[in-house]
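Participant: Dock chain B against the given chain A, drawing on the hints supplied.
Here is how the chains run, residue by residue.
Number of protein chains: 2
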Amino acid sequence: MKTILLKNRPKGKPSVSDFEFVEEDVALDITDGEVLLETVYVSVDPYLRGRMNDSKSYVPPFELNKPVQSGIVAKVVASKHNEHKEGDYLSGMLDWKTQQVSTGEGLNKVDPNKAPLSAYLGILGMTGLTAYLGLTEIGKPKAGETLVVSGAAGAVGSVVGQIGKILGLKVIGIAGSDEKVDLLKTKFGFDEGINYNTTEDMTAAIKEAAPDGVDIYFDNVGGPISDAVLFSINRFARIIICGAISVYNNTELPKSVSVQPFLVKNSALMQGFIVSNYAEKFPEAIKQLATWLGEEKLTYSETIVEGFDNIPQAFIDLFDGKNKGKMVVKI
Amino acid sequence: MKTILLKNRPKGKPSVSDFEFVEEDVALDITDGEVLLETVYVSVDPYLRGRMNDSKSYVPPFELNKPVQSGIVAKVVASKHNEHKEGDYLSGMLDWKTQQVSTGEGLNKVDPNKAPLSAYLGILGMTGLTAYLGLTEIGKPKAGETLVVSGAAGAVGSVVGQIGKILGLKVIGIAGSDEKVDLLKTKFGFDEGINYNTTEDMTAAIKEAAPDGVDIYFDNVGGPISDAVLFSINRFARIIICGAISVYNNTELPKSVSVQPFLVKNSALMQGFIVSNYAEKFPEAIKQLATWLGEEKLTYSETIVEGFDNIPQAFIDLFDGKNKGKMVVKI
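Here the protein sequences come in this chain order: A and B.
Sequential numbering from 70 applies to the first sequence in the working numbering.
Sequential numbering from 70 applies to the second sequence in the working numbering.
Since the hints were derived computationally from the structure, they do not count as laboratory data.
It should be emphasised that the depicted structure is a prediction, and the values quoted were computed from it without experimental measurement.
It is possible that some hints are incorrect.
The calculated lysine-lysine pairs, modelled on DSBU-like cross-linking and capped at a C-alpha distance of 30 Å, are [what the hints assert, rightly or not]:
id : chain 1 : residue 1 : chain 2 : residue 2
1  : B       : LYS256    : A       : LYS350
2  : A       : LYS254    : A       : LYS391
3  : B       : LYS324    : A       : LYS82
4  : A       : LYS80     : B       : LYS82
5  : A       : LYS324    : B       : LYS149
6  : B       : LYS324    : A       : LYS209
7  : B       : LYS256    : B       : LYS209
8  : B       : LYS254    : A       : LYS350
9  : A       : LYS135    : A       : LYS71
10 : A       : LYS391    : A       : LYS183
11 : A       : LYS324    : B       : LYS324
12 : B       : LYS254    : B       : LYS209
13 : A       : LYS209    : B       : LYS350
14 : B       : LYS80     : A       : LYS324
15 : A       : LYS209    : B       : LYS209
16 : B       : LYS178    : B       : LYS149
17 : A       : LYS254    : A       : LYS209
18 : B       : LYS209    : A       : LYS211
19 : B       : LYS324    : A       : LYS276
20 : A       : LYS276    : B       : LYS80
21 : A       : LYS324    : B       : LYS256
22 : B       : LYS254    : B       : LYS154
23 : A       : LYS324    : B       : LYS254
24 : B       : LYS350    : A       : LYS211
Quick list of simulated restraints, FRET-style, between CB atoms [stated by the list, open to error]:
id : chain 1 : residue 1 : chain 2 : residue 2 : range
25 : B       : LYS183    : A       : LEU236    : 46 to 52 Å
26 : B       : ASN319    : A       : ASN319    : 22 to 28 Å
27 : B       : LYS211    : A       : SER345    : 19 to 25 Å
28 : B       : ALA212    : A       : LEU236    : 37 to 43 Å
29 : B       : PHE305    : A       : GLY81     : 44 to 50 Å
30 : B       : ALA273    : A       : LEU236    : 42 to 48 Å
31 : A       : GLU277    : B       : THR100    : 48 to 54 Å
32 : A       : LYS211    : B       : ASP123    : 26 to 32 Å
33 : B       : ASP247    : A       : LYS276    : 44 to 50 Å
34 : B       : GLU365    : A       : GLU349    : 56 to 62 Å
35 : B       : VAL85     : A       : ILE235    : 53 to 59 Å
36 : B       : ALA273    : A       : SER345    : 27 to 33 Å
37 : A       : ASN319    : B       : GLU174    : 50 to 56 Å
38 : A       : ILE235    : B       : ASN177    : 43 to 49 Å
Beta carbons: idealized from backbone N, C-alpha and C, even for Gly.
Next up, chain A with everything else stripped away, as it sits in the complex (with noise of 0.2 Å):
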C-alpha cells in the first residue's frame, strides 16, 4: 500500500520534494459499516496548493506528515457496509492512497455506465459544479450579454464558456497557447479566444474582443489578465472570483491595479467563489450537468496521467498549465 504525505509546506511553486513517498506492506482490515477502497481516479486541483500553506483559509490547511487529500474515484474492494457493496465505485475527498478503509460518510455512489469514471471527478463533480453554479449563482447571465473566462482551456473554464453558450451569452475565452484558444473556438463553442503569451495589450485585445463591453467575468486566474478586463467592464458588471492560479505560488503579496474605482464607477460586483458554499445545489446542478452531457451540449477535455507516484507531478504541472482540461490521474 502506498501513501503519498505532505513533507514541507512549499515555498512557492511546489516540488516533488515537498512530499514523501510511503510503502507499506499491511493488509488493511475493516469492520461492520465499513468498506475497503481501491483507488481508481485521483483528482488533482489548483486550490489544493492553498491548503499546502499553513494558513486562515475557508478550509483547514494539510497537516505536515499526513496524506494529502484531493477528489477521489475508488472502488469497493470489501464491504462489511449495508448500502456500499464490492464492485461499487465511491467518489469524495479521500486520501492520496492506493486503498484505504472508509465508512463511506461524504462518499456519493457513481455509475460507470452513465459516464466514464473520470468524469465524476470533472464534469459530473466538482468542476463542473464550479463552473455551473459559480456562473449561475454570481453571475446571473442574462442571454445576450458578453462573458469573459480566463484560464478557459483549463478543467472548470472549458465548461463555464459552454454553458456561457448554452444560456445565450457571448463568450471570449484567455488561455496560454495559440493550440488552447483554438481548442476554445473549435471544440468548446466559444466566440473568441485570446492568447495572453502573445498578446502585448491585453487591454485593447480584451476591448476588441468585447465591443459592449464585459457583464460577466468568470476569473480563474487573477494577476495581470484580471488587471486587464476591469478596463471593459460594464455597469452592473458581476465578477466571480474563482481562483487565482496565477498569484497561489506567490511568496510576495502580489499587487495589482486597484479594483476598487473600477468597481466604484461601474456598480460592478466582486466575489469569492467556494462551490462548498453551495452544496444544497449540489443535487438540482448535478441532474442539470448530467442532462446537457447527454443532449451533447457539454464536452470536456480530460489530461490523465498514469500511475500513483505521479500525482505530485501532475499536481505541480497544473501550474504550468500542462494540462488541458481535468488533470486526473489513474492509478
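Facilitator: Same frame as chain A, now just chain B:
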C-alpha cells in the same frame, strides 16, 4: 448673478484655477411652469471629482465651460409653477449659480421647520441615503457583527457608524487625526477609532481593534487603508465600495494589494455602491433617517463655509480632510 464654470479638467488635485467665475448683470425671466431659484446651500462632494474627468462613469462627465452641478437647496423667489410657490425651498441637482430658472423637475420640496435646510444636503439627503442604503443593501448587517468604516469622520462615514450602532454592530472607525478619532467615539458612539496618520502598522491595528475579524467594511477611501482591512476580513465578509477619495486625484493608475485571493479565501463580496441605483428605496430610507434623527439616535457634523465664491476651495479642501462631516457652502 454669478456662475462657476469648469474651465480645465483637473490634473491630479483640483485647484481654484480649474474653475472660472462669471458675473453677469441679467434679470432672469420665467415663463409658465417655471420657478426662479435663489441658491441657499451648495453641497460639495468627493464624487464630483470623477465627473471632472473626461472618462466613462455612472454619470456623464461635466462639460468644459459649462456650470458645475451638485446638490443644492434653493429658495423659490418667483413662481409661475402650480406646485412650487414663492418662499418654498427645493432641493436637488442644480448649477453652481446664485440664481437659476427651473421647471422643478427632479427637485424635492424641503421643510425648514422639520430640519435645518443644510440637513437636506446631508443626513436627510444623499449623504444619509448613501450611508443607510449602502450599509443595509450591500452590507446586510446582522447584530453582533463587526463593521469597519474608513473616512469615518466624513459626512457619510459618521452616519454609517451611527447606523451600525443602532443596528447592534461593533463599529470601528478609521480617520486622519486624533481630534477626528476622538469625535468618532465621543460624538458618534463608535466603539473604536484608529488614526491612520499616526499608526505605523494599520494591519495590526485593525486586527487588534477587531479581534473577531471584520464582517462588513464600508470603504470610502480605497488605497493602503483598504489594503490593510483585507487581512482581517471574515468568511462571507461584505465590502461596500462607496468611494475611493485617496485615489481620485491620482494621475497614474493606482496599485494595491490584490484583493482577489482575499475574496476567494473568504467567499467575500466587494461591490461598488452608487446611491442613485437605489432611487426606489429613497422615500422609505428618508423616513427611517428622519425618525432616527427625531429620536436623537442620529447626530451629524457639518462644516459650513460661507460665500458663493468659496465653493471651489471648499470642494478642494475635501481632499485634505479639512471638513468634519458634511461640507456645505452657505450663500
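Participant: Out of the numbered hints, which ones does the structure contradict?
Facilitator: Violated hints (numbers, rising): 1, 4, 5, 8, 21, 22, 23, 29 and 34; every other hint is consistent with the structure.
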